[in-house]
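Student: Use these hints to put chain G onto chain W, whose structure you have.
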Amino acid sequence: MDVSLVDWSRAQFALTAIYHWLFVPLTLGLSFIIAFMESIYVKTGDEEWKKITKFWMTLFGVNFAIGVATGIILEFEFGTNWSNYSWFVGDIFGAPLAVEGIMAFFMESTFIAVMFFGWNKVSKKFHLVSTWLVAAGANLSALWILVANAWMQYPTGMHFNPETARNEMLNFWEVLFSPVAINKFLHTVTSGFVLSSVFVVGISAWYLLRKRNQMLAKRSMLIASVFGFVMSLFLILTGDGSARLLARHQPLKFAAMENLYEGQSNAPLVAVGILKNDNTEPKKKDFLMKLEIPGVLSFMAFQNFDAYVPGIRDLVHGNPEQGIISVNEKIAKGKLAIEALKEYKEAGKTGDTAKADSASAVLNSNFKYFGYGYLEKPQDAIPPIGPAFYSFRIMVALGMWFVLLFILTVFFVFFRKPEKIKWYLYLSVLSIPLAYLASETGWLVAEFGRQPWVIQDLMPASAAVSRLTTGSVQTTFILFAVTFTLLLIADIKIMSKQIKIGPKDGGEK
Amino acid sequence: MFENLSYPALQQYWWIIISLLGALLVFLLFVQGGQTLIYRLGKTETERALLINVLGRKWEFTFTTLVTFGGAFFASFPLFYSTSFGGAYWVWMLILFAFVLQAVSYEYRKKPDNFLGHRTYEAFLFINGAAGTILLGTAVSTFFTGSQFSVNENNFSQWETATHGLEAAINIQNLSLGLAVFCLSRVLALLYFIKNVNHDEIIARAKKQLLVNAIPFLVFFLLFIMLLMLKKGFAVDPLTGLVFMEPFKYLHNMIQMPVAGILFLTGVVLVLTGIFLPVFSFQSFGRQGILFAGTGSILTVFALFLIAGFNHTAFYPSVFDLQSSLTIYNSSSSRYTLTAMSYVSLLVPFVLAYIIYTWRAINRKKIDISELENESHTY
Numbered sequence: 001m002d003v004s005l006v007d008w009s010r011a012q013f014a015l016t017a018i019y020h021w022l023f024v025p026l027t028l029g030l031s032f033i034i035a036f037m038e039s040i041y042v043k044t045g046d047e048e049w050k051k052i053t054k055f056w057m058t059l060f061g062v063n064f065a066i067g068v069a070t071g072i073i074l075e076f077e078f079g080t081n082w083s084n085y086s087w088f089v090g091d092i093f094g095a096p097l098a099v100e101g102i103m104a105f106f107m108e109s110t111f112i113a114v115m116f117f118g119w120n121k122v123s124k125k126f127h128l129v130s131t132w133l134v135a136a137g138a139n140l141s142a143l144w145i146l147v148a149n150a151w152m153q154y155p156t157g158m159h160f161n162p163e164t165a166r167n168e169m170l171n172f173w174e175v176l177f178s179p180v181a182i183n184k185f186l187h188t189v190t191s192g193f194v195l196s197s198v199f200v201v202g203i204s205a206w207y208l209l210r211k212r213n214q215m216l217a218k219r220s221m222l223i224a225s226v227f228g229f230v231m232s233l234f235l236i237l238t239g240d241g242s243a244r245l246l247a248r249h250q251p252l253k254f255a256a257m258e259n260l261y262e263g264q265s266n267a268p269l270v271a272v273g274i275l276k277n278d279n280t281e282p283k284k285k286d287f288l289m290k291l292e293i294p295g296v297l298s299f300m301a302f303q304n305f306d307a308y309v310p311g312i313r314d315l316v317h318g319n320p321e322q323g324i325i326s327v328n329e330k331i332a333k334g335k336l337a338i339e340a341l342k343e344y345k346e347a348g349k350t351g352d353t354a355k356a357d358s359a360s361a362v363l364n365s366n367f368k369y370f371g372y373g374y375l376e377k378p379q380d381a382i383p384p385i386g387p388a389f390y391s392f393r394i395m396v397a398l399g400m401w402f403v404l405l406f407i408l409t410v411f412f413v414f415f416r417k418p419e420k421i422k423w424y425l426y427l428s429v430l431s432i433p434l435a436y437l438a439s440e441t442g443w444l445v446a447e448f449g450r451q452p453w454v455i456q457d458l459m460p461a462s463a464a465v466s467r468l469t470t471g472s473v474q475t476t477f478i479l480f481a482v483t484f485t486l487l488l489i490a491d492i493k494i495m496s497k498q499i500k501i502g503p504k505d506g507g508e509k
Numbered sequence: 001m002f003e004n005l006s007y008p009a010l011q012q013y014w015w016i017i018i019s020l021l022g023a024l025l026v027f028l029l030f031v032q033g034g035q036t037l038i039y040r041l042g043k044t045e046t047e048r049a050l051l052i053n054v055l056g057r058k059w060e061f062t063f064t065t066l067v068t069f070g071g072a073f074f075a076s077f078p079l080f081y082s083t084s085f086g087g088a089y090w091v092w093m094l095i096l097f098a099f100v101l102q103a104v105s106y107e108y109r110k111k112p113d114n115f116l117g118h119r120t121y122e123a124f125l126f127i128n129g130a131a132g133t134i135l136l137g138t139a140v141s142t143f144f145t146g147s148q149f150s151v152n153e154n155n156f157s158q159w160e161t162a163t164h165g166l167e168a169a170i171n172i173q174n175l176s177l178g179l180a181v182f183c184l185s186r187v188l189a190l191l192y193f194i195k196n197v198n199h200d201e202i203i204a205r206a207k208k209q210l211l212v213n214a215i216p217f218l219v220f221f222l223l224f225i226m227l228l229m230l231k232k233g234f235a236v237d238p239l240t241g242l243v244f245m246e247p248f249k250y251l252h253n254m255i256q257m258p259v260a261g262i263l264f265l266t267g268v269v270l271v272l273t274g275i276f277l278p279v280f281s282f283q284s285f286g287r288q289g290i291l292f293a294g295t296g297s298i299l300t301v302f303a304l305f306l307i308a309g310f311n312h313t314a315f316y317p318s319v320f321d322l323q324s325s326l327t328i329y330n331s332s333s334s335r336y337t338l339t340a341m342s343y344v345s346l347l348v349p350f351v352l353a354y355i356i357y358t359w360r361a362i363n364r365k366k367i368d369i370s371e372l373e374n375e376s377h378t379y
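Protein sequences appear in the order of chains W and G. Residue numbers for the first sequence follow my numbering, so the first one is 1 and each next one is one higher. Residue numbers for the second sequence follow my numbering, so the first one is 1 and each next one is one higher.
Check each hint, because a few of them may be wrong.
Claimed, not checked - Straight-line C-alpha distance at most 20 Å; calculated DMTMM-like pairs for lysine to aspartate or glutamate:
1. W/125 - G/375
2. W/500 - G/113
3. W/124 - G/371
4. W/349 - G/375
5. W/504 - G/373
6. W/284 - W/376
7. G/58 - G/47
8. W/333 - W/343
9. W/345 - G/45
10. W/333 - W/380
11. G/365 - G/375
12. W/355 - G/153
13. W/349 - G/153
14. G/207 - G/368
15. W/335 - W/286
16. W/355 - W/163
17. W/493 - G/122
18. G/43 - G/246
19. W/335 - G/153
20. W/276 - W/286
21. W/504 - G/371
22. W/368 - W/174
23. W/121 - G/368
24. W/121 - G/371
25. W/500 - W/48
26. W/276 - W/262
27. W/504 - G/113
28. W/493 - G/153
29. W/333 - W/457
30. W/218 - W/47
31. W/284 - W/262
32. W/345 - W/163
33. W/218 - W/48
34. W/497 - G/321
35. W/124 - G/47
36. W/500 - W/380
37. W/342 - G/153
38. W/121 - G/321
39. W/504 - G/375
40. W/121 - G/375
Keep in mind the hints are simulated off the structure, nothing from the lab. A quick note: this is a predicted structure, and the numbers were derived from the prediction, not measured.
Just chain W, same shape as in the assembly:
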């Protein structure tokens, strides 16, 4: 397989996903924040709340449009660039995408029209219901695509059918309610809620710094900080859940995130660290400096400070004491499975049922390692350590900062005059780009960490890719990179201008 084709296809998918994820989290959270605001308007009849709602709705609309633009490509790129993957798991993976369209996208797109154009056409209550349904639709669409993503990281509820040479669904509920899917959904949407809350707090802080639209700013801060605080606690909880699931289902990702080379009991968590190259083994990294907290990694992974956490070396070279087999052994089993599939197919052509049965037995007993059969050497199973390690730390540190920011905001809004606390206002504004950074690094951990797999242990990227010319993929990569960048600039400029303009109808003081 042409390595450059695989890498360019990866790059194109990463480009689209990174751009798409710049806009989705704000849609997820801002839709709820707007719904809270409109609910207060409907309840109190206070026109000021209506103006506040409409102001945030304008920003929502600008962001939503570019989110949609970047999203359509993602859905179809599974087919255009990962054709073999689409067949190998389409029986399972396609269903959530279809459900997403039928259940979520239509709800979102139908009621968004009412939300924007229905103020004078439908009743107050119906309008409010529409706003809530937009929030529900946006978050439902996140559910289905995250179920699909979670399944790629933890394939479950299926079996391999050698007749069709694909994985087939056995249990829809197992796919939908797999622990990885539930945790991924909750962690991801709450991260969107936190980002949106930081966004609203930051822009409100900007108004306070400029000494304008103070009522809008303080009311928005109140809603966003309470919502953000509650959701950030939930985010920490689900983050903790993610760590435990990773340790069980994707141990190499877990070890790479920590750069834990040698497995150990009472494993420490590296709170801060700088990596350096270690040439004693391919892909190995050492620490230039690190600050550790003893036992915490073992606890994070297994709720036991003395638990053994396998390191990269154990997972690649094997550790019989811990019952871990080496990647070399897995590669051998994977090759056996691939060979058995070939034999099964040949037996089918000649009608040799005995041969087909024995090939099927070999395939079944080794299928767990099917994807390893496509790897050339053990080190191919190690994900890029640097990006996973640093992304994880940036995400966690910023997540902690946002909790503090929300606590400060609640405190200042209730007990002080936030407009007079300049350092806090500046920090709030500065936190907006940090929220985007945290959100993107979260995905970088997830996606760098699971390399080389498109489906954990079953299919590496090299086997999943569409057989195109590298030049074709390079061309579309450039086309989309330029287009998305231009549209991002437009998005930021329009947003900035709308914020400068502030609420329509004059707003208040």
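Tutor: Same frame as chain W, now just chain G:
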């Protein structure tokens, strides 16, 4: 309920759903057609703004239907998804690119400080309207003309031309369907404007444009249908599963499946009625052309999908290797997945109901310029 259906029945049920989505998509392409008429019908900035706002309230339905069409195809016929999208790469990528441009254009066009200027966003809308419809029509036509691909024993597919789908555009039949869809989308848009816009000059211009677009539509559509009815089709032997070329296959399908034939003829009559209604009637009834032409185009396209996939026909044929051709039986999801998805499909009537309800709530009154002046959210 669905567990009791046989596997072929489930496969057929899902082909009907795909056909319905495809038919609805073609009707909703009136948004695209309208985007290519903004300068033809709107002579002032205000008139153009009115037209764009009329379309802007519906663009997401077309977009969402396209996305759902793709998702449903992936879920129900994954071998088509992997073969066509991964193979006819350029056609699909260009279609997607055209829709990317559309998604931002309504919202960004009139916003201050929009970086690219409103003319650029209007150009994006035109590109989407023209390229989106022509390419979609061309791509769907390959369901009847075939493509050059092979599928191996593991169902991994390989496109056999270096142009990766662009070759479809040099086939006269594909091109005629592409242009027919383009002209139809413009006709539907004109009828939609005539019904929903309250602006005498725009309506007068729309009526003038109607025949200008309807005539080439009829020419391209008739050419496509003529070629389709006369050509050899990709038939499947029900006993062996072998694909072979059958003379007049699609004509046979129309005759052997009278439901498809009747739907097709009814659809064509309704489209023609819709087109000529505003030409000959100036009363309010004359404004209802979109209801006839819209329903007619849904029925016609639905019938075309039926004859592409039913009656032992390969719906995505390979002219490189006939036996690699895809049928609804060899390219579908497993029985379990189709059953599970069939339960999800029960939501469709509910979804349609709330779409129709909100559509009517928003369209209750014709849009005029004064409404735009009082609206807080405009494009």
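Student: Taking the hints in turn, state whether each one holds.
Tutor: Here is what the structure says about each hint:
1. W/125 - G/375: Measuring from Cα to Cα gives roughly 19 Å; hence the hint holds.
2. W/500 - G/113: Since the Cα atoms of residue 500 of chain W and residue 113 of chain G sit roughly 11 Å apart, the hinted pair holds (cutoff 20 Å).
3. W/124 - G/371: holds, 19 Å
4. W/349 - G/375: Status violated; Cα separation ~68 Å.
5. W/504 - G/373: Holds - the C-alpha atoms of residue 373 of chain G and residue 504 of chain W are around 14 Å apart, at most 20 Å.
6. W/284 - W/376: Status holds; Cα separation ~18 Å.
7. G/58 - G/47: It holds: about 18 Å lies between the C-alpha atoms, which stays within 20 Å.
8. W/333 - W/343: Satisfied, since the Cα-Cα distance of roughly 15 Å is no more than 20 Å.
9. W/345 - G/45: Answer violated: residue 345 of chain W to residue 45 of chain G is near 65 Å, above 20 Å.
10. W/333 - W/380: holds, 16 Å
11. G/365 - G/375: holds, 14 Å
12. W/355 - G/153: Holds - the C-alpha atoms of residue 153 of chain G and residue 355 of chain W are around 17 Å apart, at most 20 Å.
13. W/349 - G/153: Distance ~10 Å between residue 349 of chain W and residue 153 of chain G Cα, so the pair holds.
14. G/207 - G/368: Given that 20 Å is the threshold and the Cα spacing comes to 18 Å, the pair holds.
15. W/335 - W/286: Violated - the C-alpha atoms of residue 286 of chain W and residue 335 of chain W are around 32 Å apart, more than 20 Å.
16. W/355 - W/163: holds, 14 Å
17. W/493 - G/122: holds, 18 Å
18. G/43 - G/246: Given that 20 Å is the threshold and the Cα spacing comes to 52 Å, the pair is violated.
19. W/335 - G/153: holds, 18 Å
20. W/276 - W/286: holds, 5 Å
21. W/504 - G/371: holds, 17 Å
22. W/368 - W/174: holds, 18 Å
23. W/121 - G/368: Given pair residue 121 of chain W, residue 368 of chain G holds - Cα atoms ~14 Å apart, limit 20 Å.
24. W/121 - G/371: The hint holds at about 11 Å.
25. W/500 - W/48: Distance of about 18 Å is within 20 Å: holds.
26. W/276 - W/262: Between residue 276 of chain W and residue 262 of chain W the Cα gap is close to 16 Å, so the pair holds against 20 Å.
27. W/504 - G/113: Holds, at roughly 17 Å.
28. W/493 - G/153: The hint is violated at about 52 Å.
29. W/333 - W/457: Since the Cα atoms of residue 333 of chain W and residue 457 of chain W sit roughly 12 Å apart, the hinted pair holds (cutoff 20 Å).
30. W/218 - W/47: Holds, at about 16 Å.
31. W/284 - W/262: holds, 11 Å
32. W/345 - W/163: Judged against 20 Å, a Cα distance of about 8 Å means the pair holds.
33. W/218 - W/48: holds, 12 Å
34. W/497 - G/321: Measuring from Cα to Cα gives roughly 57 Å; hence the hint is violated.
35. W/124 - G/47: Violated, at roughly 30 Å.
36. W/500 - W/380: Distance ~50 Å between residue 500 of chain W and residue 380 of chain W Cα, so the pair is violated.
37. W/342 - G/153: holds, 9 Å
38. W/121 - G/321: Since the Cα atoms of residue 121 of chain W and residue 321 of chain G sit roughly 57 Å apart, the hinted pair is violated (cutoff 20 Å).
39. W/504 - G/375: Distance of about 11 Å is within 20 Å: holds.
40. W/121 - G/375: holds, 11 Å
The structure fails hints 4, 9, 15, 18, 28, 34, 35, 36 and 38 (numbered hints given earlier, in ascending order).
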